[in-house]
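> Chain by chain, the residues run as shown.
Number of protein chains: 2
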Amino acid sequence: MQTVDYVIGIDIGGTNTSFGFVDRNGTILCEATLPTQADQPAQILVSRLCDAIRDSGTTLTQQATLSGVGIGAPNANYYRGTVENAPNLDWGASVNLVDLFRKRFNLPVAITNDANAAAIGELLFGGARGMKHAIVVTLGTGLGSGIIVNGELLYGADGFAGELGHTVVDPAGRHCACGKRGCLETYVSAPGLCRTVCELLAQRREPSPLRETCFNHLTSKLIYEAACAGDGIALEAFDSTGRILGMKLADAVAHTSPEAIFISGGLAAAGDLLIAPTRRYLEEFLFSTYKGKVTLLMSQLPEGSGAILGAAALAWCEADKFSSTPA
Amino acid sequence: MQTVDYVIGIDIGGTNTSFGFVDRNGTILCEATLPTQADQPAQILVSRLCDAIRDSGTTLTQQATLSGVGIGAPNANYYRGTVENAPNLDWGASVNLVDLFRKRFNLPVAITNDANAAAIGELLFGGARGMKHAIVVTLGTGLGSGIIVNGELLYGADGFAGELGHTVVDPAGRHCACGKRGCLETYVSAPGLCRTVCELLAQRREPSPLRETCFNHLTSKLIYEAACAGDGIALEAFDSTGRILGMKLADAVAHTSPEAIFISGGLAAAGDLLIAPTRRYLEEFLFSTYKGKVTLLMSQLPEGSGAILGAAALAWCEADKFSSTPA
Chain A
393 MQTVDYVIGI DIGGTNTSFG FVDRNGTILC EATLPTQADQ PAQILVSRLC
443 DAIRDSGTTL TQQATLSGVG IGAPNANYYR GTVENAPNLD WGASVNLVDL
493 FRKRFNLPVA ITNDANAAAI GELLFGGARG MKHAIVVTLG TGLGSGIIVN
543 GELLYGADGF AGELGHTVVD PAGRHCACGK RGCLETYVSA PGLCRTVCEL
593 LAQRREPSPL RETCFNHLTS KLIYEAACAG DGIALEAFDS TGRILGMKLA
643 DAVAHTSPEA IFISGGLAAA GDLLIAPTRR YLEEFLFSTY KGKVTLLMSQ
693 LPEGSGAILG AAALAWCEAD KFSSTPA
Chain B
393 MQTVDYVIGI DIGGTNTSFG FVDRNGTILC EATLPTQADQ PAQILVSRLC
443 DAIRDSGTTL TQQATLSGVG IGAPNANYYR GTVENAPNLD WGASVNLVDL
493 FRKRFNLPVA ITNDANAAAI GELLFGGARG MKHAIVVTLG TGLGSGIIVN
543 GELLYGADGF AGELGHTVVD PAGRHCACGK RGCLETYVSA PGLCRTVCEL
593 LAQRREPSPL RETCFNHLTS KLIYEAACAG DGIALEAFDS TGRILGMKLA
643 DAVAHTSPEA IFISGGLAAA GDLLIAPTRR YLEEFLFSTY KGKVTLLMSQ
693 LPEGSGAILG AAALAWCEAD KFSSTPA
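Residue numbers (our numbering), protein chains in the order written: chain A, 393 to 719; chain B, 393 to 719.
Incorrect hints may have been included.
Below, in silico cross-link-like pairs of lysine-lysine (DSSO-like), each with a Cα-Cα straight-line distance of 27 Å or less [said to hold, decoys possible]:
1) A/Lys524 x B/Lys495
2) A/Lys683 x A/Lys524
3) A/Lys524 x B/Lys613
4) A/Lys713 x B/Lys524
5) B/Lys713 x B/Lys613
Don't read these hints as lab results, they were simulated from the structure.
Small disclaimer: the values here were computed from a predicted structure and weren't measured.
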């Protein structure tokens with residue numbers, strides 16, 4: 393019987409938590425999902441997860457050696473191993489998830505936020521394989537980002553580097569949930585796209601099916617469908633979103649000079665409606681030194697598995713550090 | 393007789409070129425300056441420099457071992473060893489200065505741009521000593537920057553990472569020499585300060601001694617003196633400059649999450665007139681995660697020697713890489 397080395401990648405969200413057994417090539421041997429029950433203490437989730445992981449392990453057809461555990465979670469701090477003040481998890485100011493898992497697994501365990509996990513996933517298993525410098529942007533309810541520098545994820549002094557969603561587009565602009573104004577994610581995210589449509593509906597006079605939907609029922613999916621049907625307001629909303637994203641990505645390039653930028657997450661499913669204008673404006677806003685040098689791509693990770701693969705990639709990185717540390 | 397290890401740090405500017413013999417602690421054993429003669433080929437400068445360096449070497453009172461040569465120059469590329477399209481040096485598209493020096497010195501030779509050299513200088517000999525993550529901003533005719541990540545200067549994919557001067561403040565803003573509009577350095581630099589004063593003179597009605605000076609004769613020194621004398625326009629120009637710098641530094645923090653940011657260069661001589669508002673606005677614009685964590689400081693390198701010390705720090709870094717590379 394063949395033996396396979398694997399890690400467990402865990403993706404914790406406000407509603408569901410998924411995990412998968414992932415080998416060195418990024419193949420998911422098996423995966424499962426359970427409800428997070430975010431109103432319960434973190435200890436309960438860890439306990440339920442460990443049971444589910446044990447059950448899944450028995451279904452493996454190959455003999456398998458577990459090398460580590462990686463976790464992607466909102467508001468996670470890699471240095472401290474904690475989830476801190478996560479708005480959609482009722483876990484309080486700080487829970488040390490790494491400690492909770494280490495009590496169950498005598499193995500390397502690491503945690504980072506979702507966008508950082510996506511970036512490590514892209515680096516190990518996706519389009520950034522072999523790259524030294526890249527940026528991964530995740531577009532969903534917010535805008536997350538992970539920055540690869542010298543072939544490693546950049547954590548910075550406090551473990552929270554790479555928060556491009558809260559760079560400023562307009563200091564007098566839209567109110568952001570973070571308390572600031574004009575943050576990038578108030579324009580470039582699923583809700584940001586809806587706000588832009590709302591603004592355009594106010595500014596313009598042309599008819600649009602989107603005038604029939606109230607603000608609370610607007611979704612990026614509706615806007616996508618309207619754009620596909622040729623609606624001018626929806627098309628302009630995507631163009632405007634791409635312009636702002638392109639402009640701020642040009643700023644990001646002037647910081648770390650990546651080879652490539654990858655776009656992932658729910659809103660990236662809009663494909664060329666968003667990617668094409670973003671690419672065009674990025675090139676337009678790039679400082680001359682960087683022009684023609686930076687590739688903008690969709691994430692090359694399989695849709696839907698990105699989060700588990702990201703957490704698994706983190707686990708592999710930690711496992712390798714662990715095994716190369718002198719005793 | 394005591395032996396001392398030293399490197400040569402060379403700072404090439406459009407008008408003058410300075411060099412110094414610098415030991416491991418950042419002590420300058422001796423230094424000298426010669427005219428660059430920027431209209432002559434680079435070979436001539438290298439030849440004159442080598443003669444001057446030889447002459448200076450004979451004045452050393454200690455027995456000395458030379459470990460390497462570091463060069464700071466405008467538009468220099470660390471990876472390629474070149475100076476490329478430097479606007480104030482008549483050297484054409486590309487000159488490989490590292491090759492030219494290696495023909496004279498059988499030693500590690502490295503080159504980088506002025507702002508990167510300033511950052512390495514701050515890291516080895518200045519206020520960033522012992523820091524893993526920092527940013528150095530040089531304010532003069534332009535705005536240069538060098539980013540320290542994981543204890544090393546960040547070069548990025550193409551060797552030109554850290555061009556914060558060309559991040560965008562306002563896409564419809566001031567025309568920049570680079571061809572773009574609204575770049576940070578059109579607001580935050582010595583000429584940027586003059587442009588801001590000019591704008592304020594147009595907007596406001598109050599009297600100001602600066603109304604007696606034509607645009608071409610405005611200097612940051614005049615504005616500094618007016619501000620020290622209590623002139624409202626000059627004071628507001630510094631405040632506005634600090635606001636824009638603080639806002640964009642908050643963006644920079646959201647990229648690499650540094651412990652500290654250092655401000656150096658001619659305009660930094662304005663001291664608290666510029667640093668105090670920059671510090672206040674930086675804190676105001678910081679994403680909540682970073683608030684209270686980032687220190688803004690003046691460069692801790694001795695005024696006037698920063699460029700030579702930066703180039704020397706680069707030389708020490710290369711010498712150490714060289715000596716730690718397995719044969």
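> Against this structure, judge whether each hint is valid.
Now for the hints, and whether the structure bears them out:
1. A/Lys524 x B/Lys495: Given pair A/Lys524, B/Lys495 is violated - Cα atoms ~31 Å apart, limit 27 Å.
2. A/Lys683 x A/Lys524: This hinted pair holds, its Cα atoms lying about 19 Å apart.
3. A/Lys524 x B/Lys613: Roughly 43 Å between the alpha carbons, so the hint for A/Lys524 and B/Lys613 is violated.
4. A/Lys713 x B/Lys524: With Cα atoms ~19 Å apart, A/Lys713 and B/Lys524 stay inside 27 Å; holds.
5. B/Lys713 x B/Lys613: 42 Å, violated
Hints 1, 3, 5 from the list above are not met by this structure, while the remaining hints are.
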